[in-house]
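The primary structure of each chain is shown beneath.
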Amino acid sequence: MSALTPLGLNLSGLITQIISFIILFTILYKLLYQPVINMLDQRSAKIKDNLDAAEKAKQDIAKSEESIQDSLEEAKNERRQMIVDAKEAAAKFREDEMSKAKTDIETEWLKARSEIQREKNAAIDEVRKNFAGLVITAAEKVIDKSLDDKSHDEVIEKVLKKSL
Amino acid sequence: MSVVFRNTKLILVIIISITVFIISILGGALGNQFGGGFLGAPLAHIQISAETVTKIKITDGYKYALTNTVIATWLSIFVLLLLSLFVKKSISDVPGRLQSIAEIIVEFFLNLAESMTSPEKARKFLPLVLTIFLFVLTSNWLGILPGFGTIGKIESREDAIHHAQDLAEIQGKKFHESDVHTIIFDGEGSFGLLPIGSIRNVKDHDDHSSDHKSDEHKHKAVEKGKQEGLLIPYFRSANTDLNTTLAIAIVAMVLVHFWGFSILGFGSHLSKFINFKSGPVGFFVGILEGISEFARIISFTFRLFGNIFAGEVLLFAMAFLLPLIGIIPFLGLELFVGLIQALIFSVLTLVFASMATVSHGDEGH
Numbered sequence: 002m003s004a005l006t007p008l009g010l011n012l013s014g015l016i017t018q019i020i021s022f023i024i025l026f027t028i029l030y031k032l033l034y035q036p037v038i039n040m041l042d043q044r045s046a047k048i049k050d051n052l053d054a055a056e057k058a059k060q061d062i063a064k065s066e067e068s069i070q071d072s073l074e075e076a077k078n079e080r081r082q083m084i085v086d087a088k089e090a091a092a093k094f095r096e097d098e099m100s101k102a103k104t105d106i107e108t109e110w111l112k113a114r115s116e117i118q119r120e121k122n123a124a125i126d127e128v129r130k131n132f133a134g135l136v137i138t139a140a141e142k143v144i145d146k147s148l149d150d151k152s153h154d155e156v157i158e159k160v161l162k163k164s165l
Numbered sequence: 143m144s145v146v147f148r149n150t151k152l153i154l155v156i157i158i159s160i161t162v163f164i165i166s167i168l169g170g171a172l173g174n175q176f177g178g179g180f181l182g183a184p185l186a187h188i189q190i191s192a193e194t195v196t197k198i199k200i201t202d203g204y205k206y207a208l209t210n211t212v213i214a215t216w217l218s219i220f221v222l223l224l225l226s227l228f229v230k231k232s233i234s235d236v237p238g239r240l241q242s243i244a245e246i247i248v249e250f251f252l253n254l255a256e257s258m259t260s261p262e263k264a265r266k267f268l269p270l271v272l273t274i275f276l277f278v279l280t281s282n283w284l285g286i287l288p289g290f291g292t293i294g295k296i297e298s299r300e301d302a303i304h305h306a307q308d309l310a311e312i313q314g315k316k317f318h319e320s321d322v323h324t325i326i327f328d329g330e331g332s333f334g335l336l337p338i339g340s341i342r343n344v345k346d347h348d349d350h351s352s353d354h355k356s357d358e359h360k361h362k363a364v365e366k367g368k369q370e371g372l373l374i375p376y377f378r379s380a381n382t383d384l385n386t387t388l389a390i391a392i393v394a395m396v397l398v399h400f401w402g403f404s405i406l407g408f409g410s411h412l413s414k415f416i417n418f419k420s421g422p423v424g425f426f427v428g429i430l431e432g433i434s435e436f437a438r439i440i441s442f443t444f445r446l447f448g449n450i451f452a453g454e455v456l457l458f459a460m461a462f463l464l465p466l467i468g469i470i471p472f473l474g475l476e477l478f479v480g481l482i483q484a485l486i487f488s489v490l491t492l493v494f495a496s497m498a499t500v501s502h503g504d505e506g507h
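Taken in order, these protein sequences are the chains called A and B.
Going by our numbering, the first residue of the first sequence is number 2, and it counts up by one from there.
Going by our numbering, the first residue of the second sequence is number 143, and it counts up by one from there.
With the rest of the complex left out, here is chain A (with noise of 0.2 angstroms):
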């Protein structure tokens, strides 16, 4: 080393500086460089985070948006068969009432008729209960004076045409 002197170079100076420097580099490694670059990692990570969650969140809304229309097409739907519905109710049961009501006359009228008929018959029924009476009395009236075939046959024609 002697031959260096001149220089400023000695050994316990250059040791020293090789210990200093690594003091230094110790120091600044926790101090500076694992703080500033855990630092930029993180925003770096923080910035990409950020960017997905916003390319996300776009994504969701044109998502949404388009459920959003599909179920206001459905609803549109919906509604419109509702109203087809209905209408198709609504004919329907005016028909049916409507048959019903025509039914329902229908067998008022015929019950009628033939409650009509009824009568009738009934009506016919005393009058020819009524009649035999009548011939047995025109007959006697008859008998009184004389009666042939052809005058018998002709009187019951005639009362039964008068009677009816």
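Note that these hints are calculated values from the structure, not bench results.
Here the structure is a predicted model, which means the values were calculated and not measured.
Check the hints yourself; a few may be wrong.
Unchecked claim - If the Cβ cut is set under 7 angstroms, some of the chain B residues that face chain A in the computed set are: (1) Ile190; (2) Tyr206; (3) Val212; (4) Thr215; (5) Ile233; (6) Ala244; (7) Thr273; (8) Asn385; (9) Val393.
C-beta: ideal position from N, C-alpha, C; glycine also.
Start from chain A and add chain B according to the hints.
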């Protein structure tokens, strides 16, 4: 009107500049020859080796010489420690000013390293490269602060001559007592500084002057509470000491080769320098590469030392020749040189590290 006003302003500026220039010349070394020299500082005692500020006794046989460059080294370590403590304390997602600067520097070197090597290797190299950059930059810039080289302790003339004799003996030169230019300081204590106009206090010991006259001077100096001696500055720019630059270069190259061995494997890295496979020419090239690794240490050491030491001498010379203004442009130059040297040292380390961690076969691609 405004043109005239501007012209009178211009004239005023020119007059002031010329006056300052003349005062500077008169106050400097040139004026000193004619009784001026009221501003200049004496041309400091320029020596390559760092001055010893104090000797610390460790054992009976060994005393540790604490040099002023070591003090400056610790000062820059302290400054960097404070700055990084501030950065660490207030680190947040939204950076403050100091944190922004730290991030800019870290990101610059990280991007540079990633452009040279793989990202994993860049992360590995980054701490060393950044430490070199920050340390060299800080100590270079601290070195041009006022107080560096001008505040120190006073070494008596007898001690100064003694040291100079020792140095001359080692160098094998002839020693002349007249080579020791001492300065007369005010005050009694060992603390001294180079005040404005101290160029006039330089005491010449001419060979022609008789012993009688020299004695007379000495008496004159001592009698009025003044003392004669050399200024040993407390601080001297850390990189004006070859020990500092050599220490950084050694640490850098040792780490570079450590990475070479650990990333490539022992045999692969060693085969770059001791190569039997490619015949005698390959072997010779390998030996040359090994030598060039040592040459890198030396070029690292002397490039930084030479630049910063030359800057220091330049500033001393300017304070001597043209005090007050001569130093201003060179201060800017020194700021620039300090930054450039820090960049060169750190980027070259990065380049060497990325070269050392590429196996020999890949280099041809």
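To see whether the hints hold, each was checked on the structure:
Here the hint on Ile190 of chain B is kept, as its CB sits about 5 angstroms from the closest CB of chain A, short of 7 angstroms. Of the supplied interface hints, the one on Tyr206 of chain B holds, with its beta-carbon coming within about 6 angstroms of a beta-carbon of chain A, less than 7 angstroms. Interface restraint check: Val212 of chain B against chain A, minimum CB-CB distance 5 angstroms, threshold 7 angstroms, status holds. The beta carbon of Thr215 of chain B is positioned within 7 angstroms of a beta carbon in chain A (closest approach about 5 angstroms), and the interface hint is therefore held.
For Ile233 of chain B, the suggested interface contact is upheld, since its CB lies about 5 angstroms from the closest CB of chain A, less than 7 angstroms. At about 5 angstroms, the closest approach between the beta carbon of Ala244 of chain B and any beta carbon in chain A falls short of 7 angstroms, and the interface hint on this residue holds. For Thr273 of chain B, the shortest C-beta to C-beta distance to chain A is roughly 5 angstroms, which falls under 7 angstroms, so the interface hint holds. About 4 angstroms separates the beta-carbon of Asn385 of chain B from the nearest beta-carbon of chain A, less than 7 angstroms, and the hint is met.
Contact between Val393 of chain B and chain A, as hinted, is supported at the beta carbon level, the nearest pair being about 5 angstroms apart and thus within 7 angstroms.
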